[in-house]
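**Q** What follows is the residue order along each chain.
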Amino acid sequence: MTCCIPGEEELAEAAAHGTEANDAALLTLSRRLSDGTRQLEFAIPDAHCAACIRSIETALEALPQVEMARVNLSKRRVRVVFDPARGAPSELAPAIGASGYHTYALDPAEDKDGDPVLRELVKALAVAGFAAGNIMLFSVSVWAGANEATRDLFHWISALIALPAIAYSGRVFFRSAWRAMRVGRTNMDVPISIGVTLATALSLFETLNSGQHAYFDASVTLLFFLLIGRTLDHLMRERARSAITNLARLAPRGATRITQEGGRDYVALDEIEPGMLLELRAGDRVPVDAVVESEGASFDYAIVSGETAPVALPAGGAVVAGANTLSGPLLVRATKPAADSFLSRMIALMEAAEGARTKQRRIADRAAAVYAPIVHTIAIGTFLGWGVFTGNWHMALLNAVAVLIITCPCALALAVPIVHVVAAGRLFERGILMKDGAALERAAEVDRVAFDKTGTLTLGHPRVTNLAQVPLEARLIAASLARVSGHPLSRALGEALPDGVPFAGVVSEFRGKGIAAERGDDVFRLGSADFVGKTDAGSSAQSEVWLSRNGLALAVFRFEDEIRPDAVTSIAELKTMGLPLRLLSGDRPEPVRHVAEAVGILDARARLLPENKLELVGEGRTMMVGDGINDAPALRAAHVSMAPASAADIGRAAADFVFTGERLSAVPFVIDTARRAARIVNQNLVIAIGYNAIAVPLAVMGHVTPLIAAIAMSSSSIIVVANAMRLRFGGGEAVLRRPDRTLREAHA
Amino acid sequence: MSGLILLIPIAIGMGLVALAAFLWALRTGQYEDLEGASYRILDDED
Chain A
15 MTCCIPGEEE LAEAAAHGTE ANDAALLTLS RRLSDGTRQL EFAIPDAHCA ACIRSIETAL
75 EALPQVEMAR VNLSKRRVRV VFDPARGAPS ELAPAIGASG YHTYALDPAE DKDGDPVLRE
135 LVKALAVAGF AAGNIMLFSV SVWAGANEAT RDLFHWISAL IALPAIAYSG RVFFRSAWRA
195 MRVGRTNMDV PISIGVTLAT ALSLFETLNS GQHAYFDASV TLLFFLLIGR TLDHLMRERA
255 RSAITNLARL APRGATRITQ EGGRDYVALD EIEPGMLLEL RAGDRVPVDA VVESEGASFD
315 YAIVSGETAP VALPAGGAVV AGANTLSGPL LVRATKPAAD SFLSRMIALM EAAEGARTKQ
375 RRIADRAAAV YAPIVHTIAI GTFLGWGVFT GNWHMALLNA VAVLIITCPC ALALAVPIVH
435 VVAAGRLFER GILMKDGAAL ERAAEVDRVA FDKTGTLTLG HPRVTNLAQV PLEARLIAAS
495 LARVSGHPLS RALGEALPDG VPFAGVVSEF RGKGIAAERG DDVFRLGSAD FVGKTDAGSS
555 AQSEVWLSRN GLALAVFRFE DEIRPDAVTS IAELKTMGLP LRLLSGDRPE PVRHVAEAVG
615 ILDARARLLP ENKLELVGEG RTMMVGDGIN DAPALRAAHV SMAPASAADI GRAAADFVFT
675 GERLSAVPFV IDTARRAARI VNQNLVIAIG YNAIAVPLAV MGHVTPLIAA IAMSSSSIIV
735 VANAMRLRFG GGEAVLRRPD RTLREAHA
Chain B
191 MSGLILLIPI AIGMGLVALA AFLWALRTGQ YEDLEGASYR ILDDED
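Note that the protein sequences, when read in sequence, are chains A and B. Going by the working numbering, the first residue of the first sequence is number 15, and it counts up by one from there. Going by the working numbering, the first residue of the second sequence is number 191, and it counts up by one from there.
Some clues are possibly wrong.
Reference excerpt, derived from the structure (chain B facing chain A, CB under 8 Å, subset only) [claimed, not checked]:
#1 Ile198
#2 Val207
#3 Phe212
#4 Ala215
#5 Glu225
#6 Gly226
#7 Asp233
So the derived label-pair ranges between C-beta atoms look like this [claimed, not checked]:
#8 Gln220(B) x Glu633(A): 44 to 54 Å
#9 Ile725(A) x Leu196(B): 23 to 33 Å
#10 Ala383(A) x Ser192(B): 49 to 59 Å
#11 Ala383(A) x Ser228(B): 52 to 62 Å
#12 Ser228(B) x Asp284(A): 42 to 52 Å
#13 Ser228(B) x Met739(A): 22 to 32 Å
The set of hints was computed from the structure by calculation and includes no laboratory data. Ideal Cβ placement from N, Cα and C applies to all residues, glycine included.
Model the full structure from these sequences, guided by the hints.
**A** The structure is reproduced here in structure tokens:
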């Protein structure tokens, strides 16, 4: 496989075709800085070493318009600040390309500057860590037996550190708890906030009255532990998100318009109005629904409908937004604004499908809904019990707070996210990106799997199937001729016959039809049956390319969409997991049946509209695996969904998991990992509850001092984290290679 | 006791300096590209 990131080809193609439209497109993508310069970000998926940084930065800084170029190797991006007055932005990508790296511009809308949430979490973590460390110094002294005056001094200093730290670091939890309480729900943050606040308030009271026990260390350490879990969880999602943004190709943000005076200008996507005449080059995606104005236009619908064969449209034929232009340049006239085009209709369908899924509540929140009322009842019971039976209400309050602290769900709040973080890491090593932990919980419940055909079970690009039956001479001629054209079938032919030499003769290409060539007295034609003059070819399920000499057919090359290399074994594996399988395709019945038989899926449906797919995945708890624009609503509606990295942007955005590389074994791997993760989550919940079963009676009886609380809390957290780590080992092949390599291979 | 009066402010002060240094590093983007930074050290040409 030579390519799977379409963006780079587009840019290369744009560079070859004159760059005015491209400049305008890049300028709309760039961000204006205060001093009149502009900033663009490019993805560089295969940069990986010190020399890469240097060569990319040097190549860019050699251009007159570039003021600053800075590579970020963690994100695999380069940020370029340039002055549009001194040179065109379209020279930037070729400069990076010339230094040997694939690149394409990133859409800044998908990547806001920095990550404010992460910054807040890390700052809160730093403050809590500082406070926990320092307060622990004083607490240890108190436990070691610091007496009267010294103990009071230490409590005062602890309070001085703890109060601002809790106010600052605790905001994360207080805010989320407040939001949940306001709408009458509870989440894990509610008992955390109540526990921390009450423990701090009581400790302050004790300090004021020279009391013996203060729980400042417990409150701050609790926040510190919980923030670690929260930050890890956020980092995991952020890493997946940034990797997915890097995959995003430059979506059509606009198009070249032919004005009434015959000039050209660039219009942004949402300014396109019905009736505008637009020019598309080969490789461009159709921006809005339109009718074709030129002759001999052909489009690739693979990502739109799953249709494998290229679609030729006569002048006046209607084409939908999202289709890929194969022949070009050509003219189309917009029939609908972007907001009513095919792509937008799919987005509307997706949003409608969203509702069903948000009803699913995360396991941690469900646990909290049961846990919080029980804990708070026990705490109140302790308070009343001690007060009524001993008459010592101060003692009663002290013990009730001890119950709250000991039950503050440190282990419970870590039990779930830590498993998800470890699972995400394991998936990442296999080149699978998980968008969030809730998806993993849903993947464990899957009871059936539905596949799309084109681009999912197959690789989505054609390959020659009958090469062995073609005579050698015809093969050599075809190899030479196929080099000329950028048509997908020619490219597939060129890939199959890599040793073609330049044709010694006059060659001319007829866009969308074929290639004609003359050598001596001979006229060769390579192309469709019509083009070579073969009228009795008959209809075939497969795409064909004919080669003729002087009007006589020499050979026919048959093409077929190639099935993913491990599709058969992956399907078999899913069957042994007891999951019924289904093939849902928008393509014609014959190719669908052909692929279904080849991989071993019995239940295959063809000619499905996006709405039909949506309906079919709504049955049971379906995992949908698909890549096309037409799959996007189904991906969103399904219980859980996966898409290959080569999918349409909208498909990738809709899916819960994105897998890179060609291997379909990612599907059983995700389900297996999810099931194992669910088991470990349950174990962790049992451990956390078991810990409470032991610790709570002690607290109720009044045996929990700050020292015991600190030990119990830390040890239960450590046990839960250690149990989560087990997910890294065993269970299927543990592929321990560098994650970026897997991702890079997908790009190469 | 007199020792404590001296040592406690020193200990907390050092902790605060470290905290401030960390927040400064965070704000100036020192943690933006940890992987790249480890490679840039090998680049001796500028």
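**Q** Does each hint hold? Answer for all of them.
**A** To see whether the hints hold, each was checked on the structure:
no., hint, in the structure
1, Ile198, "holds (7 Å)"
2, Val207, "violated (10 Å)"
3, Phe212, "holds (5 Å)"
4, Ala215, "violated (10 Å)"
5, Glu225, "holds (4 Å)"
6, Gly226, "holds (3 Å)"
7, Asp233, "holds (5 Å)"
8, Gln220(B) x Glu633(A): 44 to 54 Å, "holds (52 Å)"
9, Ile725(A) x Leu196(B): 23 to 33 Å, "holds (31 Å)"
10, Ala383(A) x Ser192(B): 49 to 59 Å, "holds (55 Å)"
11, Ala383(A) x Ser228(B): 52 to 62 Å, "violated (45 Å)"
12, Ser228(B) x Asp284(A): 42 to 52 Å, "holds (43 Å)"
13, Ser228(B) x Met739(A): 22 to 32 Å, "holds (25 Å)"
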